[in-house]
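Chains D and A are the protein sequences, given in the same order. The numbering used here applies: residue 1 is where the first sequence begins, and numbers increase by one. The numbering used here applies: residue 1001 is where the second sequence begins, and numbers increase by one.
Think of the hints as simulated: they come from the structure by calculation, not from any bench. Certain hints may be false.
[Stated by the list, open to error] In silico lysine-lysine, DSSO-like type, Cα no more than 27 Å apart, as pairs:
#1 Lys50(D) with Lys1231(A)
#2 Lys1118(A) with Lys2(D)
#3 Lys1234(A) with Lys1200(A)
#4 Lys1130(A) with Lys36(D)
#5 Lys1381(A) with Lys1365(A)
#6 Lys1137(A) with Lys36(D)
#7 Lys2(D) with Lys1137(A)
#8 Lys1249(A) with Lys50(D)
As the structure is a prediction and not an experimental result, all values here were calculated from the model.
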Amino acid sequence: MKINRDLCDICGTCVAVCPADAIVVSEFIVNIDNEKCTNCLNCLKVCPIKAIEEGE
Amino acid sequence: MMVQERYDIVVIGAGPAGSVAARFAAENMASVLILERDREPGIPVRCAEGVSHNGIAPFIDIDQRWIASRIDVAKLHSPNGETANMYNNGLGYVLERRVFDAALCELAAKYGAHLITKADALDLVWEDGKITGVKYKYSGEIRKVKCDIVIGADGVESRVGRWAGIKTVVRLEDIDTCAQYTLTDIDIEKDTCEFYFGTKVSPGGYIWIFPKSDNTANVGIGLSGHLSHPKGPKEYLDEFVQRRFPKAKITYTMYGGVPTAATLDEIVKDNIMLVGDAARQVNPITGGGVVQAMIAGSIAGKVAAQAVKEKRFDKKFLKEYRKEWDKRLGKTQKTMFLMKERFMNMNDERFNRIVEFCQNIPRDKFSLKTLFTEAVKGNPKLMIDVAKAFLVSKIKMK
Ligand SMILES: Cc1cc2nc3c(=O)[nH]c(=O)nc-3n(C[C@H](O)[C@H](O)[C@H](O)COP(=O)(O)OP(=O)(O)OC[C@H]3O[C@@H](n4cnc5c(N)ncnc54)[C@H](O)[C@@H]3O)c2cc1C
Ligand code: SF4
Ligand code: SF4
Chain D
1 MKINRDLCDI CGTCVAVCPA DAIVVSEFIV NIDNEKCTNC LNCLKVCPIK
51 AIEEGE
Chain A
1001 MMVQERYDIV VIGAGPAGSV AARFAAENMA SVLILERDRE PGIPVRCAEG
1051 VSHNGIAPFI DIDQRWIASR IDVAKLHSPN GETANMYNNG LGYVLERRVF
1101 DAALCELAAK YGAHLITKAD ALDLVWEDGK ITGVKYKYSG EIRKVKCDIV
1151 IGADGVESRV GRWAGIKTVV RLEDIDTCAQ YTLTDIDIEK DTCEFYFGTK
1201 VSPGGYIWIF PKSDNTANVG IGLSGHLSHP KGPKEYLDEF VQRRFPKAKI
1251 TYTMYGGVPT AATLDEIVKD NIMLVGDAAR QVNPITGGGV VQAMIAGSIA
1301 GKVAAQAVKE KRFDKKFLKE YRKEWDKRLG KTQKTMFLMK ERFMNMNDER
1351 FNRIVEFCQN IPRDKFSLKT LFTEAVKGNP KLMIDVAKAF LVSKIKMK
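All chains should be built: construct the whole structure from the sequences, respecting the hints.
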């Protein structure tokens, strides 16, 4: 999965629904570890600003 | 302040849950360090800022510095445009959370808790299969601090529980995905919170208007996570604002998530406790979590301090927190959770009927309880649970 950093508000909503613990929030940036990601698309569906897309 | 190498308790997160837990632990003689990732507690605000007076008053002296407005009325809007006013929910406030959260944190500091901001917890430290501290990043440097108990108060984005092997992931149905604007130059009533329901307005959730002054308000939306794609909260909110406040100016834009689940099955393990959004201790129907976080924090802080006194850091001892939480709110939350499922699946016709029903209740009899009772009609089991839950919360209020 891929995060559009121009859109991401660093709100952490995606982290709560990630079954793979693949998403990490820090003060200014959110990262997805694609090694851990299982492509369930939960994060993409709940992101309030649609900042997450499929792809690496 | 010199950061010590070890504390009795390390709290991760300086939101309402963490600050209140730290304060009660410190007040009861434990040494406490709070780690907060952001530069300042309370910022950025991700909240509509509505709370009840009775909910917060036990924890902090009411201070005008963090009160934006006093709320006496809740106004419900049905999908067909009808409205009903509710007057008997007790005094409410719309807060200035950036000031409120800082005040809670200052209170913890006053009782002796230490705090580091811009301190991002990265992981737990383990020795011989036991949690013995926290690894965190501060000023680009990786540091470790030792402790006997870690309190995870790290909000909806919590990872502390995961590090301890606790299952914290929530279903899409159990998260509300939210967008909110603070709007100014709008026509509202300062003492009235407004709510809009309906499958076209806000599927599985609602739109809120929480006034901050006589012409400014937090206007936001929460959609249930399984109904928020491809059309998400921002699109729904923009449509609403265009309709109701076409001339408004936006002074603040914010996105966020609210876990509308039941409390996690596991909120304590050896050497660790979870509180607030991290433990999913939110009212699943209203999405309110500030008071819940403070209540949980107060219980956890006291139990943790007692654990320090008795040198008992095992799950069995820390479970006292769970027991007390279930008594105070956990059970009610569970009932609310069951009711939420029903709310989520209600069609517009039903919302219309509920508001119509509300219009016909005499002003002095109309409260949240009457509303919920109507909402669960036709489901006797739920009705009994609701009645019980409200009985319990009524007794608690006294
Ligand atoms: C849009 C929206 C509207 C809401 N409206 C209301 C409302 O009107 N009324 C109400 O009662 N509730 C409301 N809520 C819910 C309420 O905001 C939360 O329930 C409440 O903030 C929970 O408090 P907390 O202390 O558990 O978590 P938070 O307030 O989220 O605090 C968690 C803290 O932990 C920090 N943190 C996270 N990870 C780390 C780490 N690794 N290291 C260090 N620090 C970390 C964060 O920076 C944050 O400061 C709303 C929520 C949203 C999203
Ligand atoms: S797609 Fe699923 S597994 Fe991958 S990051 Fe998103 S939520 Fe996690
Ligand atoms: S949910 Fe969206 S906006 Fe929020 S942190 Fe994740 S990617 Fe960013």
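Structure-based check of each hint:
no.: 1; hint: Lys50(D) with Lys1231(A); verdict: holds, 9 Å
no.: 2; hint: Lys1118(A) with Lys2(D); verdict: holds, 26 Å
no.: 3; hint: Lys1234(A) with Lys1200(A); verdict: holds, 14 Å
no.: 4; hint: Lys1130(A) with Lys36(D); verdict: holds, 25 Å
no.: 5; hint: Lys1381(A) with Lys1365(A); verdict: holds, 24 Å
no.: 6; hint: Lys1137(A) with Lys36(D); verdict: holds, 22 Å
no.: 7; hint: Lys2(D) with Lys1137(A); verdict: holds, 25 Å
no.: 8; hint: Lys1249(A) with Lys50(D); verdict: holds, 23 Å
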